[in-house]
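J.: Sequence:
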Amino acid sequence: MEISQKYNIEAIFVCSLSHYSNYYEKHGLNPVYVDNVSQSADLAIINRAREGDIVVTGDYGLAAIILSKGAFAVSFDGKLFDDNNIDELLAKRHETLKSLRSGGRVKGPAKRSAKDDEEFLCSLERLIKII
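Start counting the sequence shown at 0; every next residue gets the next number (numbering that gives the first Met the number 0).
Derived by calculation from the structure, the hints in this document are not laboratory data.
Straight-line distance between alpha carbons at most 30 angstroms, and here's what the computed BS3-like set of lysine-lysine pairs gives:
#1 Lys-128 <-> Lys-78
#2 Lys-91 <-> Lys-68
#3 Lys-78 <-> Lys-68
#4 Lys-110 <-> Lys-97
Could you build all of it, start to finish, from the sequences and the hints given here?
T.: Below is the structure:
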């Protein structure tokens with residue numbers, strides 16, 4: 000949020016009604032609340048995204064669609080999704096889902112650290128400066 004204010008960029012937060020908080024409004028941010036239905040937030044993001052926008056997501060499928068619209072996608076750990084890595088990431092996701100459907104187990108993400116936050120902010124700021 001500090002970065003959006005620093006560069007005078009509108010930050011829009013899309014989340015389901017079950018994640019309602021007045022935090023966003025208190026801090027002058029623009030929340031968009033969607034129904035508690037599967038993929039509602041993704042569809043709202045896809046419908047609002049325009050060429051040159053930056054979308055922060057951990058969802059490879061959403062990132063692929065965002066890229067096809069000429070927007071930028073970055074993960075919560077600061078990894079930039081692009082045409083060079085999205086196909087491989089989607090293939091890995093497919094294999095992971097196949098494993099889960101057949102009863103396999105997948106290790107979840109590690110606990111988020113202050114270093115992760117710093118890397119995300121640096122990556123986001125670099126991206127803003129490029130575009």
